[in-house]
Amino acid sequence: MTSNLEQLRIRVDETGGSGVLHLDGELDPHTAPLLEHEINARADAGELDVVLDLRALQFIDSSGLRVLIAAHRELERRGGSLTLRSPSETAQRLLEITGLVDHITIVGG
Amino acid sequence: MDSEHAPRVHLTIPASARYLRLARLTAAGLAGDLGYPVDAIEDLRIAVDELCAAIIDGVPGAASLELVYQELAGSLVVEGRCQTGHESSPELHGVARELLNMLADEYSIDTVDGARAFRLVKYPSPAGPSTPAGAPG
Numbered sequence: 001m002t003s004n005l006e007q008l009r010i011r012v013d014e015t016g017g018s019g020v021l022h023l024d025g026e027l028d029p030h031t032a033p034l035l036e037h038e039i040n041a042r043a044d045a046g047e048l049d050v051v052l053d054l055r056a057l058q059f060i061d062s063s064g065l066r067v068l069i070a071a072h073r074e075l076e077r078r079g080g081s082l083t084l085r086s087p088s089e090t091a092q093r094l095l096e097i098t099g100l101v102d103h104i105t106i107v108g109g
Numbered sequence: 001m002d003s004e005h006a007p008r009v010h011l012t013i014p015a016s017a018r019y020l021r022l023a024r025l026t027a028a029g030l031a032g033d034l035g036y037p038v039d040a041i042e043d044l045r046i047a048v049d050e051l052c053a054a055i056i057d058g059v060p061g062a063a064s065l066e067l068v069y070q071e072l073a074g075s076l077v078v079e080g081r082c083q084t085g086h087e088s089s090p091e092l093h094g095v096a097r098e099l100l101n102m103l104a105d106e107y108s109i110d111t112v113d114g115a116r117a118f119r120l121v122k123y124p125s126p127a128g129p130s131t132p133a134g135a136p137g
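Listed in order, the protein sequences are those of chains Y and H.
The first sequence begins at 1 in our numbering and counts up by one.
The second sequence begins at 1 in our numbering and counts up by one.
Please note that a few of the clues may not be correct.
[Stated by the list, open to error] Some chain Y residues flagged as far from chain H (calculated, every beta-carbon gap over 12 angstroms):
#1 Arg11
#2 Gly46
#3 Val51
#4 Asp61
[Stated by the list, open to error] Derived list of chain Y stretches under chain H, where covered just means 3 residues or more per stretch with a C-beta under 8 angstroms from a C-beta of chain H:
#5 23-31
#6 63-70
Read the hints as simulated data drawn from the structure, not as lab findings.
Everything numeric in this text was worked out from a predicted model, so none of it was measured.
Glycine included, every Cβ here is placed at the ideal spot set by N, Cα and C.
I would like the entire structure built from these sequences, with the hints used as guidance.
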């Protein structure tokens with residue numbers, strides 16, 4: 001299943017039974033609501049362990065970070081988790097300078 | 001070329017988050033042309049984005065965001081203005097403010113005569129203005 005927005009594409013990979021959301025493009029005030037909706041929809045469907053693959057994320061700002069923070073907190077509250085996989089250099093840098101690397105699970109960096 | 005005669009790039013876009021990408025692209029393109037390192041270009045992209053987002057937040061759909069980019073005294077200065085029609089101050093969320101404090105060399109954001117405005121200064125390096133080409137090491 002692919003959700004295609006001109007500036008952010010979210011590709012869902014269900015291989016292996018657990019979905020990974022691949023983000024391709026830019027996460028900003030225009031596209032952040034799309035990611036928020038996608039994560040919330042999956043959580044409401046009972047999928048509480050969410051993995052975001054960020055290798056193709058070309059830009060992220062505070063609106064994107066707020067979505068990640070909110071998702072992390074809500075999924076944890078509901079007994080799940082948020083994992084960020086292979087963040088792009090842009091994403092990794094922002095996660096480090098804001099200290100989010102100490103709060104959100106990041107793999108495959 | 002002295003700063004007084006440095007070309008100014010004007011960009012007017014709808015005051016909508018959909019078009020913030022153009023503001024970022026313009027900033028990155030100009031910084032690249034000026035020889036900014038990659039990290040400084042990334043800083044500038046984020047800073048421009050955050051300030052633009054703050055001054056267009058909640059404004060009517062027909063409003064425009066006017067941007068001016070100019071090289072000045074070894075830095076790239078970006079000024080933005082959005083006529084909102086009322087005196088609502090722009091708000092910076094905590095994370096946005098944190099990012100701007102880390103990534104921008106100087107910035108200000110305010111409301112003047114019914115318009116929200118910002119000014120951003122970014123040097124190519126953390127130490128400040130770069131050494132002009134040809135100057136002794």
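Do the hints match the structure? See the list:
The beta carbon of Arg11 of chain Y is kept farther than 12 angstroms from every beta carbon of chain H, the shortest such distance being approximately 20 angstroms. With a cut of 12 angstroms on Cβ distances, Gly46 of chain Y stays outside the contact zone with chain H, its closest approach being about 29 angstroms. Every beta carbon of chain H lies more than 12 angstroms from that of Val51 of chain Y, the smallest distance being close to 23 angstroms; the non-interface claim holds. The Cβ of Asp61 of chain Y does not lie farther than 12 angstroms from every Cβ of chain H; its closest approach is about 5 angstroms, which violates its non-interface assignment.
Counting residues of the segment 23-31 of chain Y whose CB lies closer than 8 angstroms to any CB of chain H gives 4, so the stated coverage by that chain holds, three being the minimum. Evaluation of the coverage hint for the segment 63-70 of chain Y: fulfilled, as 4 residues show C-beta separations to chain H shorter than 8 angstroms, against a requirement of three.
Comparing the model with each numbered hint stated earlier shows that hint 4 is the single one that does not hold.
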